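Student: With chain A's structure known, arrange chain W on it following the hints.
Number of protein chains: 2
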Amino acid sequence: MAGKEIEKLIKTIAKLPALGTRSARRIALYLLKNRAQSLSPLIEALQEVEKNIKTCAVCGNFDTDEICSICASPSRDSKTLCVVQDVADLWAMERIGFYKGRYHVLGGVLSALEGVRTEDLNMQALFDRVEKSAFEEIILALPATVDGQITAHYILTGLKDKNIKVTSLAQGIPMGAELDYMDDGTIQLALLARKPV
Amino acid sequence: MAGKEIEKLIKTIAKLPALGTRSARRIALYLLKNRAQSLSPLIEALQEVEKNIKTCAVCGNFDTDEICSICASPSRDSKTLCVVQDVADLWAMERIGFYKGRYHVLGGVLSALEGVRTEDLNMQALFDRVEKSAFEEIILALPATVDGQITAHYILTGLKDKNIKVTSLAQGIPMGAELDYMDDGTIQLALLARKPV
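Each protein sequence line maps, in turn, to chains A and W.
Going left to right, the first sequence walks through residues 4 to 200 as the numbering used here numbers them.
Going left to right, the second sequence walks through residues 4 to 200 as the numbering used here numbers them.
No lab work stands behind these hints, which were simulated from the structure alone.
Source: prediction; values computed, not measured.
Possibly wrong hints are sitting among the right ones.
Copies of one chain are not kept apart here, so a pair can be met inside one copy or by any two copies together.
Think about it this way: if two alpha-carbon atoms lie no more than 25 angstroms apart in a straight line, the pair counts; the simulated DMTMM-like pairs of lysine to aspartate or glutamate are [stated by the list, open to error]: (1) Lys11 to Asp89; (2) Lys135 to Glu47; (3) Lys7 to Asp92; (4) Lys168 to Glu53.
Extracted from the complex, chain A is given alone in its bound form (with noise of 0.2 angstroms):
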């Protein structure tokens, strides 16, 4: 039908997250019928990242150096970590320009279903860093889920002999949210969590 270097591309585009062979048919197009605002743009912006950008090595953020900007920024609060499960995590805590802490990101959380170990995780460079460091506060933006839980358990468990405070973000109602359209959990942590005003 199309040529094998069309179908190649359709099928590489598939492969990504949120796309499927009917969107990356149609993106694929795109792409062919506008080259010069298009498709030359995107491999340029590709390479740049493929050549530009590393994983920063203290605590896995991406950047253009081996120490990304919040690592080696000095005007960030050096006593509070915040671990979060995935880059665009921090990306979402960064956005909020609310959080002036260091971060430390795990890449991915400890899940029995899909065989993710602590071997697979950022996670004893973790311990290395606190160890090494002098952290006051860790907070857990981990996942409100299962394996987050467990995650934020296992890490709690790891720094018991620590004099660090250890806290998680708080669950509750989302800002805007109806109670009608909650979850019970949500609605019953809620209110166990209720505070006076």
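Tutor: For chain W alone, coordinates are given in the frame of chain A:
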């Protein structure tokens, strides 16, 4: 937040059809995390397409040669020409493997709303081609929209002095469809075009 290379990649991906900033971010992160299995093969596939794929000088299809394999094939019926809006439609026709004639890709349909004029389409080339070739039937496989029908009418007018049969795809109830879910226009059309069984 993320480095400017990553931001640029996210912006470039977000411009592709069916993708927004959120999915672009997800894809960029996926590529960064799976460099060997994903980023490099994608760059390679895109470069191969950029280097090798050309637009067929005769019909407007994409292929590795100046004249595409369908136009160059001596075994395809040279008396029938199928006019399609887009290469995607040509691919759809070829997937069925039923049609054995030639194609002409318009690259769009006339649209007053979107400002698409005949000069913007591969239209003059169609008339020139019909002039020079010995087509006996021209099948207008254009979209069943107002713009598609106006385009079909324009082509029909342009060909009215030629002694060529011009046909269009049948309209009616698609296979497997429930009457209840069909729009009124389609039902009316199918009723008007009813056939003895």
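Student: All the hints need checking, so say for each whether the structure fits it.
Tutor: These are the hints, each one checked on the structure:
no.	hint	in the structure
1	Lys11 to Asp89	between (30 angstroms within a copy, 20 angstroms between copies)
2	Lys135 to Glu47	neither (40 angstroms within a copy, 42 angstroms between copies)
3	Lys7 to Asp92	between (38 angstroms within a copy, 18 angstroms between copies)
4	Lys168 to Glu53	neither (38 angstroms within a copy, 55 angstroms between copies)
Of the hints listed earlier, those the structure fails to meet are numbers 2, 4, in rising order.
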